[in-house]
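There are 2 protein chains.
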Amino acid sequence: MRNVILLLFLEKDSKKVYFNNPMWPGEVHSLKVEKILYKGKSEFQEILVFESSTYGKVLVLDGIIQLSEKDECAYQEMIAHLPLCSIPSPKTVLVVGGGDGGVLREVSRHPSVEHIDICEIDKMVVDVSKKFFPQLAVGFQDPRVHLHIGDATEFLRHAPKGKYDAVIVDSSDPVGPAQELVEKPFFETIARALRPGGVLCNMAESMWLHTHLIQDMISVCRETFKGSVNYAWASVPTYPSGVIGFLLCSTEGPPVDFKNPVNSIEKLEGALKHKRELRFYNSEMHSAAFALPPFLRREVSALCHSSTSTLPR
Amino acid sequence: MRNVILLLFLEKDSKKVYFNNPMWPGEVHSLKVEKILYKGKSEFQEILVFESSTYGKVLVLDGIIQLSEKDECAYQEMIAHLPLCSIPSPKTVLVVGGGDGGVLREVSRHPSVEHIDICEIDKMVVDVSKKFFPQLAVGFQDPRVHLHIGDATEFLRHAPKGKYDAVIVDSSDPVGPAQELVEKPFFETIARALRPGGVLCNMAESMWLHTHLIQDMISVCRETFKGSVNYAWASVPTYPSGVIGFLLCSTEGPPVDFKNPVNSIEKLEGALKHKRELRFYNSEMHSAAFALPPFLRREVSALCHSSTSTLPR
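Residue numbers (the numbering used here), protein chains in the order written: chain A, 10 to 322; chain B, 10 to 322.
Check before you lean on any hint, since a few could be wrong.
[Stated by the list, open to error] Straight-line C-alpha distance at most 25 Å; calculated DSS-like pairs for lysine-lysine:
id : chain 1 : residue 1 : chain 2 : residue 2
1  : A       : Lys-268   : A       : Lys-235
2  : A       : Lys-235   : A       : Lys-172
3  : B       : Lys-268   : A       : Lys-276
4  : A       : Lys-268   : B       : Lys-268
5  : B       : Lys-235   : B       : Lys-193
6  : A       : Lys-44    : A       : Lys-132
[Said to hold, decoys possible] Derived CB-CB ranges, DEER-like:
id : chain 1 : residue 1 : chain 2 : residue 2 : range
7  : A       : Lys-100   : B       : Gln-224   : 36 to 44 Å
8  : B       : Pro-263   : A       : Ser-273   : 30 to 38 Å
9  : B       : Lys-170   : A       : Pro-34    : 47 to 55 Å
10 : A       : Ser-273   : B       : Glu-52    : 52 to 60 Å
11 : A       : Pro-34    : B       : Glu-278   : 35 to 43 Å
12 : A       : Glu-60    : B       : Lys-50    : 36 to 44 Å
13 : A       : Glu-55    : B       : His-283   : 48 to 56 Å
14 : A       : Ser-98    : B       : Arg-307   : 23 to 31 Å
[What the hints assert, rightly or not] Partial selection, computed: residues in chain B whose CB lies under 7 Å from chain A:
id : residue
15 : Lys-41
16 : Trp-217
17 : Ser-250
18 : Leu-287
19 : Arg-288
Honestly, the hints are just simulated from the structure, not real lab data.
Glycine included, every Cβ here is placed at the ideal spot set by N, Cα and C.
Make a model of the complete structure from these sequences and hints.
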């Protein structure tokens, strides 16, 4: 890879072209493009789909890789099953974002679930996924799924208090439109929409790159969620630094022990039968995801304390 | 990152320049270079040291990133403490490769260790590390450390049978000179040099990219090591796909339960005092490292079976 490094170093415009993302300055992960399959511009963002040489099809929004067929299993399975396996028989679930349908595919594995709302702001993402990512968009085919195209904060403001057992926030990075999705008012509307002892799983960036952003999210959630606040992470090669984190919170009510799932997926009737195999998630990976390296524990320890929290007191 | 992807796509020589590493075709991870600090060519490889803009100083061998100051803690701490915390009071340790000294720095935390041999083939790596990576090369300052410059297979052939409690193989990827380090004769010389119930920790590539290579290493080790054979992994952002694996094996003798360390680092007298803090490893991360995603379990399940193995029967 030395060639690349030197090339970037010597190129005058390398800063501008290569290393310009404020979320991960100074590095870039490139996938070889075999074929551009789609390029479009929605009301909200630029959408690109390409066939990569080794990661399958790839979805790119505003220049940022959102998912690849090779490793989407890690993100989708973890963000869905970390919360849903942590509470007994979840019935009503809200997915915020997740227009590709992958999270729906995983939520649908849970036989106890009766109603799934999804609020995605960009209809074009749904349409593009249905065309190019049938293995993810299959999630929309479940009759329990109700698609709402619109702004999530708006949707949550009008949601009945205590309606949901679980809310899963599968948003893009908090730059531009998704900025408000890491702010207190947003988390407050989620807490309001959750039943007592209900759970939130929120995409929470990289422990290697975004410690301060994670601190901010945790401290906001500590104020908002009176149950427990926990941080977990998973390996996702196509995300910057190769990991993605999840913030898991519960509202006041029946305590939730996120690290020891009460609703083990291996025991769920029909969670795996006649469906594609789980590729990344199992009960062992669930518990392991809450193990945090000392460098992260030290950063967040000041903020987090809870009877059932896996974060240091 | 879309710009980069398209740029590579449009460049005629992109294949040649960017995506040419047989270990991870079709992708490249680039770090922005602030300043080239050193470029040299040893008898064995090209050595490059540069100051990156966000990962600190970086060591590159034959164009492949070996370590960065930002994330070396994950690799060095895991490859050293996974084996040494899995056996009671290790005394004699051999490090193969590891010329930067980082593994020695971590092995030295163990007060029970009396003798540390390190066999590194390339003296220039040691010299470069002492000059540019003092935080790693500090490992050479421990009086228990004995540096041997030479070929590891040769060194092991002359090692007394059963001399070592633990052997740690911190090698580069098995292309070119390091090829023989994944072959049966090499593992046999290691098994011979280990005491009964002694342990090997061998760098074992990426579960996302090298499943077949991992299968091969596991199957060779199953034949060679009559105790247990286990696979663990850790997050290392600057390695391809953001993870690195470790093959943990024990020889016939007192059984070793790698997943439940008997020699917890938190209880080790002086393991942390007057030393830099552990950044990535703790007992919780140790056990969590053995949790494997289903896609990997399915691949390796045919090969692995052992009373104390964490791999599926």
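Right, here's what the structure says about each hint:
1. Among the hinted pairs, A:Lys-268 with A:Lys-235 is consistent with the structure: their alpha-carbon atoms are about 17 Å apart, no more than 25 Å.
2. Only pairs whose Cα atoms come within 25 Å are accepted, and A:Lys-235 paired with A:Lys-172 is accepted, the gap being roughly 17 Å.
3. With a C-alpha separation of about 24 Å, the suggested pair B:Lys-268 and A:Lys-276 falls inside the 25 Å cut-off, and the hint holds.
4. Between the alpha carbons of A:Lys-268 and B:Lys-268 the distance comes to roughly 17 Å, so the proposed pair stays at or under 25 Å and holds.
5. A distance of roughly 14 Å separates the Cα atoms of B:Lys-235 and B:Lys-193; the hinted pair therefore holds under the 25 Å criterion.
6. Proximity of A:Lys-44 to A:Lys-132 is assessed by CA-CA distance (about 24 Å); at most 25 Å being required, the pair is judged to hold.
7. Under the hint 36 to 44 Å, the C-beta atoms of A:Lys-100 and B:Gln-224, about 42 Å apart, fit the expected range.
8. Taken as a hint, the range 30 to 38 Å holds for the pair B:Pro-263 and A:Ser-273, whose Cβ atoms sit roughly 33 Å apart.
9. Look at B:Lys-170 against A:Pro-34: about 53 Å separates their beta carbons, and that is inside 47 to 55 Å.
10. In this structure the hint that A:Ser-273 and B:Glu-52 lie 52 to 60 Å apart at CB holds, the actual value being about 55 Å.
11. Distance hint check for A:Pro-34 and B:Glu-278: the Cβ-Cβ separation is about 42 Å, which falls inside the suggested range of 35 to 43 Å.
12. A beta carbon spacing of about 38 Å between A:Glu-60 and B:Lys-50 agrees with the range 36 to 44 Å that was offered as a hint.
13. Under the hint 48 to 56 Å, the C-beta atoms of A:Glu-55 and B:His-283, about 53 Å apart, fit the expected range.
14. Judged by the Cβ atoms, the range 23 to 31 Å given for A:Ser-98 and B:Arg-307 holds: they are separated by roughly 28 Å.
15. A hinted interface residue such as B:Lys-41 counts as satisfied when its beta carbon comes closer than 7 Å to some beta carbon of chain A; here the least separation is about 4 Å, so the hint holds.
16. Interface restraint check: B:Trp-217 against chain A, minimum CB-CB distance 5 Å, threshold 7 Å, status holds.
17. Hint status for B:Ser-250: holds, given a least beta-carbon distance of 4 Å to chain A, under 7 Å.
18. Proximity of B:Leu-287 to chain A holds as hinted, the smallest CB-CB distance being about 5 Å (cut-off 7 Å).
19. Residue-level restraint check for B:Arg-288 holds (minimum Cβ-Cβ distance to chain A is 4 Å; threshold 7 Å).
Violation of the numbered hints given earlier is absent; every hint is satisfied by the structure.
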